[in-house]
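Just so we're aligned, residue 3 is where the sequence shown starts under my numbering, counting upward by one.
I should point out that these hints are in silico values taken from the structure, not numbers from a laboratory.
Predicted model, so just to flag it, every value in this text is computed and none were measured.
One or more hints might be untrue.
Claimed, not checked - Derived Cβ-Cβ restraints for the label pairs, each shown as a range:
(1) Thr63 / Asp224: 25 to 33 Å
(2) Arg177 / Gly64: 37 to 45 Å
(3) Asp116 / Thr63: 27 to 35 Å
(4) Gly181 / Asp96: 16 to 24 Å
(5) Arg129 / Arg170: 21 to 29 Å
(6) Thr82 / Ala120: 16 to 24 Å
(7) Ser29 / Ala167: 36 to 44 Å
(8) Arg86 / Thr63: 20 to 28 Å
Where is the CB? At the ideal position from N, CA and C, for every residue including glycine.
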Amino acid sequence: MAVPPLEAAVPRGHAAPVTATAPLPPSPRRVGLLLFDEVEVLDACGPFEVFSVANRVAARTGRPAPFEVVLVAAGEGAATSGVRARGGLRLGADVGVAQAPPCEVVLVPGGVVDAVAADPAVREWLRRSRDGAEVVASVCTGAFVLAAAGLLDEREVTTHWEDLADLRGRWPHLRVVEGVRFVDHGDLATSAGISAALDLALHLVARLAGEELAVATARQMDYAWRRGPAAGAPAGAPA
């Protein structure tokens, strides 16, 4: 039975329609995951795990892998040396932003983003990617990177609860919303902080490869997927 669009069931936030199953393209959708020094670990590694597990779950039923994740490094030399995430975790990369292939999905995690948001090469890659991508998405303070690149327009967006006021202050034209896990306009999606990366990534799996696969992926990960965009702010966030 088809699952109704998520936005029909929630009063706040937006979610592009999701169906029980989705026709897969003849080749995997390429996911460009941006890495940079001081990236938040779960912001980046959480979605990587979701797409990786989705591929494994799909393979069990004889389906082709729906996703191919490409790790795209920002910063001179980072494509070969990797990046140092928050807390000191070293992460390798596949390519630099200048060599990144076309991607159907572009995902920008958060962290300490001042340098990456000001990087002209990153801004150019994001603008170039927007034209051919099905969706450009951010997690947490990754929204600041998208805003710096001019990708957020005047639509509703969100970020980590601690950074909502800062996002509003820097880009007053944005409609920054709080109390939501993510906002998805179809071609553009932004999520709240850190753990919301898992919910957004599972939502994208549901959108692009079917609700059934997303549910099975969350189950395989032993994760209680918070499906709707209006799941609310985490405990401890200010009202």
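> Out of the numbered hints, which ones does the structure contradict?
Replying inline: 1, 3, 4 and 8
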